[in-house]
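S.K.: Letter by letter, the chains look like this.
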Amino acid sequence: MPVISYRDAIRQAIDEEMDRDENVFLIGEEVGEYNGAYKVSKGLLDKYGSQRVIDSPITEEGFTGLGIGAALAGLRPIVEWMTFNFSLQAYDQVVNNAAKMRHMSGGQLKVPIVFRGPNGPAEFLSSQHSQALQSIYAHVPGLKIVAPATPYDAKGLMKAAIRDDNPVLVAEAELMYAWTGEVPEEEYIIPIGVADIKRQGADVTVVVHGKPLRMVEDAAKQLENDGVDVEIVDMRSIRPLDEQTIYSSVNKTNRCVVVDESWPFASVGSHVAWLVSKNCFDILDAPVELVSSEDVPLPYNHHLELAAQPSVEKIINAIKKVLYI
Amino acid sequence: MDIAKYDKSLLLKLLKDMLFIRRFEEVCGQMYGLKKIGGFCHLYIGQEAVAVGAIAALDLQKDYALTAYRDHGHALACGMSADAVMAELYGKVTGCSRGKGGSMHLFDADKHMFGGNGIVGAHLPVATGVAFKIRYRKEDGVVLCFFGDGAIHQGTFHESLNMAKIWNLPVIYICENNQYGMGTAYQRVSSVDDFSIMSSAYDIEGKQINGMDVLVVYDELKNAVDKARTDHLPRFFEIRTYRYKGHSMSDPAKYRTEEELSEYKKQDPILILKNRLLDAGLLSEDEYKEMDNECKTISKQSVAFAEQSEEPPIESLYEDIYV
Numbered sequence: 001m002p003v004i005s006y007r008d009a010i011r012q013a014i015d016e017e018m019d020r021d022e023n024v025f026l027i028g029e030e031v032g033e034y035n036g037a038y039k040v041s042k043g044l045l046d047k048y049g050s051q052r053v054i055d056s057p058i059t060e061e062g063f064t065g066l067g068i069g070a071a072l073a074g075l076r077p078i079v080e081w082m083t084f085n086f087s088l089q090a091y092d093q094v095v096n097n098a099a100k101m102r103h104m105s106g107g108q109l110k111v112p113i114v115f116r117g118p119n120g121p122a123e124f125l126s127s128q129h130s131q132a133l134q135s136i137y138a139h140v141p142g143l144k145i146v147a148p149a150t151p152y153d154a155k156g157l158m159k160a161a162i163r164d165d166n167p168v169l170v171a172e173a174e175l176m177y178a179w180t181g182e183v184p185e186e187e188y189i190i191p192i193g194v195a196d197i198k199r200q201g202a203d204v205t206v207v208v209h210g211k212p213l214r215m216v217e218d219a220a221k222q223l224e225n226d227g228v229d230v231e232i233v234d235m236r237s238i239r240p241l242d243e244q245t246i247y248s249s250v251n252k253t254n255r256c257v258v259v260d261e262s263w264p265f266a267s268v269g270s271h272v273a274w275l276v277s278k279n280c281f282d283i284l285d286a287p288v289e290l291v292s293s294e295d296v297p298l299p300y301n302h303h304l305e306l307a308a309q310p311s312v313e314k315i316i317n318a319i320k321k322v323l324y325i
Numbered sequence: 001m002d003i004a005k006y007d008k009s010l011l012l013k014l015l016k017d018m019l020f021i022r023r024f025e026e027v028c029g030q031m032y033g034l035k036k037i038g039g040f041c042h043l044y045i046g047q048e049a050v051a052v053g054a055i056a057a058l059d060l061q062k063d064y065a066l067t068a069y070r071d072h073g074h075a076l077a078c079g080m081s082a083d084a085v086m087a088e089l090y091g092k093v094t095g096c097s098r099g100k101g102g103s104m105h106l107f108d109a110d111k112h113m114f115g116g117n118g119i120v121g122a123h124l125p126v127a128t129g130v131a132f133k134i135r136y137r138k139e140d141g142v143v144l145c146f147f148g149d150g151a152i153h154q155g156t157f158h159e160s161l162n163m164a165k166i167w168n169l170p171v172i173y174i175c176e177n178n179q180y181g182m183g184t185a186y187q188r189v190s191s192v193d194d195f196s197i198m199s200s201a202y203d204i205e206g207k208q209i210n211g212m213d214v215l216v217v218y219d220e221l222k223n224a225v226d227k228a229r230t231d232h233l234p235r236f237f238e239i240r241t242y243r244y245k246g247h248s249m250s251d252p253a254k255y256r257t258e259e260e261l262s263e264y265k266k267q268d269p270i271l272i273l274k275n276r277l278l279d280a281g282l283l284s285e286d287e288y289k290e291m292d293n294e295c296k297t298i299s300k301q302s303v304a305f306a307e308q309s310e311e312p313p314i315e316s317l318y319e320d321i322y323v
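Residue numbers (UniProt numbering), protein chains in the order written: chain D, 1 to 325; chain Z, 1 to 323.
Treat the hints as calculated values from the structure; they're not laboratory data.
Zero decoy hints are in this set.
In silico DSS-like cross-links for lysine-lysine, where the CA-CA straight-line distance does not exceed 30 Å:
#1 Z:Lys165 x D:Lys42
#2 Z:Lys265 x Z:Lys36
#3 D:Lys47 x Z:Lys138
#4 Z:Lys8 x Z:Lys289
#5 Z:Lys36 x Z:Lys111
#6 D:Lys110 x Z:Lys62
Bound conformation, chain D alone (with noise of 0.2 Å):
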């Protein structure tokens, strides 16, 4: 099977989707003639030309709102937004517009759109450009949001969220477009709302999703000279979320942390601690643990700035307390 980039894989999944249904396209800043700023776009341009692989202006909220207009007319846009630090000059468009058309009227309208754009902390970018914003998003119905974390649930959930006919969000990261991971030739669609069990394990589950993952899985290799067995659930979608395959990890391993680059109040890993919490509470052995950002602005200093995002050695950390070692 071809090893190929995360970046790569997005492009496929683009690629391939443009050159099914004429009705996608590819809109946001230096997508086109300058090949993406994170060169997701490469090549595209020339593929398929400037009617449908456009360079927009620096116009957040403009361009967002004209690809909510165009999907309701009926194209399929896929809005590329630099990085979704830059998203929040577009967030009543995402939340006013594209989560509320379908609900204002009465289910006549749709909106097929792609939001996507890496997401959460890179490096010595400080505080505007290092913001894991996916709990202010999944805060709002109407909307679906995927994390993908590895090139195949990349190109799988890409395409299924051209596809789908509901706004999508898929946040990726700058720090994962150069990861490598296999990628079959042949098509395949993962659905979004499953989650994936990315390591089998007895002792503890860990769930997570996005660019945290490799950090869950070097914690997990680390703790296998303890004896300990982790099991990681990659959530993959966020909204909406895999539950089921949460509580069924759970109910086998009776431990649960949570990994998650947002901040901690009011998150998407606060929410997912507080529904095992709620739903697991008979079998669980120890209170469920949080391992989140912690509770600043980003810092532009580098031991600053890992020292307030999540780390292997916090994760194992969070594993041993609820396992009392």
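Since chain D is already given, all that's left is putting chain Z on it; use the hints.
M.R.: Same frame as chain D, but now just chain Z:
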């Protein structure tokens, strides 16, 4: 104004559409007073010539209309039924939006009426996107995007005009300047008094026209729509109009004088057209009364329809959110 150049049927349609909106809105006001309609309710009385004149220039098989929350007039002008609109105001399941939208969110996908949008200025990029679809598919439709004088200072106005110009999108932006953004006179919050110059920054033709005369609105928009069908270029109108009622039902409109209001009522859009038709012998007083009675009857019947309609079932709470 020489009205000989118009078809009689068009003139009568314009008059009736305006009169119908007037009567319908009066009934809405009454039903709001009786607490049959709740929430924010923005009446269109005084502004009828704008929606009626502009939308009469459209072919809603291929054209589209989007507006803000003062949307009853546009909905009716697009041909939505009084029953579907009134039932929506009542929050009933027979309403156009199944009781999920209310006064501010009237939609009819088949008639290409895409709202009924509640956030000031937020539908301008959306309307621009509908025009993008027309261009993408090489169709010859046109989008009318109505908004108020309050919305013109939102960034979305400027972002939208820029995009429409660089991508040649057939969208006609219509600022219905009814003089007050809620309770604020537009002159107090605008760097210019003449909004029509604001599009020139984006190299888009802008024009200020009298929105109390439905024939002026119709002529200008017909011309603009016809041109946009072939040249696909965006256009901008500031249409000067006036609302007789407060911003919403809760507003006594104390920020303006009685004299100002009565001055505008003298140039009432319905009165102007009615007198022209009477003078030209195209309408008699009796025929006008008959038309008026019909408008009142349909409005009242819509109340009966709404009253008799069912509330949406509680199970519908989780419907109409995802496809």
